[in-house]
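K.L.:
The residues making up each chain are set out below.
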Amino acid sequence: MSSRRPNFFYHLHPPFIPEREARFRYTFGLGGISAFLFLILAITGVLLTFFYVPTPEEAFPSLEIITFQVPFGWLMRHLHYWAAQAMVVAVVLHLLRVVFTGAYKPPRRFNTLIGLALLVITLLLNFTGYVLRWDEGTHWALVVGTHLVRETPLIGDALYYMVVGGPDPGPATAIRFYAWHILGLAVPAFLLIGWHVFRVRRDGGISHRPRDHDRAPRLPRARLVQTETLAMLVVLAALILLSILIPAPLGARADLPARPDKAQAPWFFLWIQALLRFLPPVWAGVLIPLGLLLLLALIPYAIDRSATGVAEWFNRQGRLAQVVVVLMFSGIVILTLIEMGQ
Amino acid sequence: MRAMPTLTPDDPEPGQEARLSRRDFLTLAWRGALWATLGAALVALGRLLGFAQAGPPVTFTLDRPEVYPVAALTPVAGGRAFIGRDARGLYAISATCTHLGCLVQRASAGFSCPCHTSRFDADGAVVQGPAQRPLARLALDLDGEGRVVLHLAQEVDAEFRLAVT
Amino acid sequence: MNPDRRLVSAALLLLAVVALAVARELRSPTPKTLTPTLTGKPELCLTCHDGLEEISPSHPLATFGCVRCHGGNALALDKPLAHAGLRGGRNPSDFSVVEASCGGSDCHSGSAEAQRDHIHRAMTSVQATYAGAIAQVRRAFGAQPDAIARFGVFAIRDDRVVSARAVPELAPFDPVALGDPQPVRAFAANCLHCHLSAQPLMQPYYYRGTGCAACHVLYGSDGLSRSGDPAISKTEPGHPVAHRLTTAIPYTTCNACHSRGNYSLRQMAFLPRPDLPLSGAPLPEDRLRDIYQPIGQFTRCEWELDCIDCHTSTEAMGDGDLYSSKLDIQYIQCKTCHGTLTEPPRTATITDPNDVELRRARLNGRYMLQVGDTVVLTERGEKLGAVRFVDGKFLQTLKVSGQVLEVPLVTGSACQQKPDEQASRYCHACHAYTHP
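Chain order of the listed sequences is V, X and L. Quick note: the first sequence uses the numbering used here, first residue 2, plus one each step. Quick note: the second sequence uses the numbering used here, first residue 29, plus one each step. Quick note: the third sequence uses the numbering used here, first residue 4, plus one each step.
No wet-lab data here; the hints were simulated from the structure. These figures come from a predicted structure and were not determined experimentally. One or more hints might be untrue.
[What the hints assert, rightly or not] Partial list, computed: chain V residues near chain L (C-beta under 8 Å):
id: 1; residue: 66
id: 2; residue: 69
id: 3; residue: 225
id: 4; residue: 227
id: 5; residue: 237
Just so it is clear, CB atoms sit at the ideal spot from N, CA and C, and this is done for glycine as well.
From just these sequences and the hints, can you work out the full model?
P.N.:
Written as structure tokens, this is what we have:
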């Protein structure tokens, strides 16, 4: 049809997508938004590495230099922060959408596992970034978090040393969290995102109703690319506006061994902080989160093995999976709200 | 983004060839906005990456002028400069080699650079070596207590002297 | 790509937001960096406080910077973050934080021998401990059998007790916990707002600092700032006149506590003096009216001079010992400078180039002193550097105004002084202020 050869970005997309599933209210574009947020994080992150110093003495001052002296440093930092929080929200909502529309059903079961791995990496990226701020609010999160790691049965001590780099959090920990953040988490995340997107194409594109392909209405990829571009522009504009209006938090610098007013986990781990009030740490911090992850992983393989009902919101076949997920996330939200009220 | 070939040709109406069509205007606005944004982003990126933090100190408080003898070159400020003295007063020669910036050392009748063997005479003029320009002269003044102050970042000409009684 | 309307709007929206970000960057203040030579770490405080005065010639900004004394966050330009960790709020010399701000053996926690442990001296002085008043009131109402001090406004120990009249430590004064009778509790509630840790009343003539700043930082009677720093409010009372430490302390500073009124033991309340306004603008300055309350007995020199022209460093700052009464530390008398009928004032000659009097003269800046000068010597061996013996005359240079006065001597005059009546109240009998 075209005398010109399509470029790389066009070629990444399928030539046609089913019109019904291309609608915004089917997917809300959450997967694409998550990937775009990762791109923003990568670019702002690279710019931040020119100024951030990963040692306990210099981490916080280097953040102050970024925020108050470097031209547009404040924008890079706030964008990085807001894109990170938005990404956690986006990937969770994407997970919910995938479950509610049955997009985990065969042949997309393995891709769901890749997605779960990306969920975990996203949360860990946010946590390591939070700790790297090295101010009063975040420092005790580091102590608590690393001690929870230690609670893991069998491999707890080894994991602790891999993360902390010594008997107590100190200079080695700062550089390790930095290494984890960039090389141990973001780089694997990039590769996994690539694999995840590849699997989407290989598994037949966006999850859709099984029907006669030749007769269902379709959209050319040009339209898809246009929509994606629109979403990217809007998301970027919204994040920049948010960054201008609301700064990323920066507390007073952390000075060991001062005691905190209120040990505060990052918002997405507040539910674990709530559990820690009445459960032993090995349960609250290790076994329950891993158990929930396992439960999510079992959705395509055990909880709902049927192959029908794909691309139908709240399809009947996947009812059990939907209930499990609703209960799980309601519980997490309730625990979070309780902890916020403390 | 390359324009896809249009499915319905948009020929201008007869007699209105010069009018900008709506599609062209939208394309212009679209491309204009994107290029402007990209331009602003590149300028901002340049400013961000060009930020330089306050560097190491450039002002050094030295000794009282009497300490520096005539016809000798005294290294000061950790070897970053040499203080000389003649009948008219004190002067400072920068020890930064004008080739690629290594610190020169005292040699028999002047200075020599350990990095690429440039050689200078006692006044800083080039004797030999890849360096092309003479060693810079640096500004000196006195502080409130009568001590010599060296300004590493301020160059002066070869005639400059800090007059001392 | 053929753009549709939504794409173009989105692109323009993005452009607008980017323009907003650029505008905000261009509007943000250019950071003004100061790297003090003492710490080597850059500080951005002057970005907002551009125009602030140098605190003193002995504490130059280029050497000390701001954070060494004040604490706070050197690299922040956001007000709450920049001021997080500020020692003592606006006043780093408040006794709760003074050791961190002003202390150190190179600084004001130096050696006791050279009387350079200013922090210890100030914190043990009766002006800081209020021990004398507390002991007297407790004895008056039967809470303790004698007038020896046991309590002060804060707990303090003196490990090096020199005087026989000094005590080694004071416990914090808490009449409720001690079970003291009601009048003592009323005293604690109503009468403890004039010691060096007390917050001043926010009224004209009462504005002052706490800690070292109570004396060494000057406040106007109206409590308004005249500093060059644009970040300091010029309309809110409670600020010092300028960001400056001084040893030329005028009587108005002493009078932020002294000569403010009277305590009534019957009502257990403080009765402010009725001749000065308690709100609104202060009256124009009048030394005779301002220096002493209407009931005071004093001679003309006492209101023509400032307090520090007579009262010595030991009297004002203490000598490092904890005393039970101001009478143990306050000792200057008229005869110290004026002599007696038979003897001229005692003198001493400055021989040591490191003599503290030479340093004091330089710090004050109103009078010159050098090795070889002869100055008046007090009964306790303190040299009064501002009162010099020159060409057969005693000349006093006033420490605030710089005016030079000749000291009239008692010998060879018509004075009726008796050898055994040397307290200054005997001088007042004749030299009351109507008889100069």
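K.L.:
So, for every hint listed, does it hold in this structure?
P.N.:
Going down the list of hints, with the structure as the test:
1. 66: 6 Å, holds
2. 69: 4 Å, holds
3. 225: Not OK, violated: residue 225 (chain V) not within 8 Å of chain L, min 12 Å.
4. 227: OK, holds: residue 227 (chain V) within 8 Å of chain L, min 6 Å.
5. 237: 6 Å, holds
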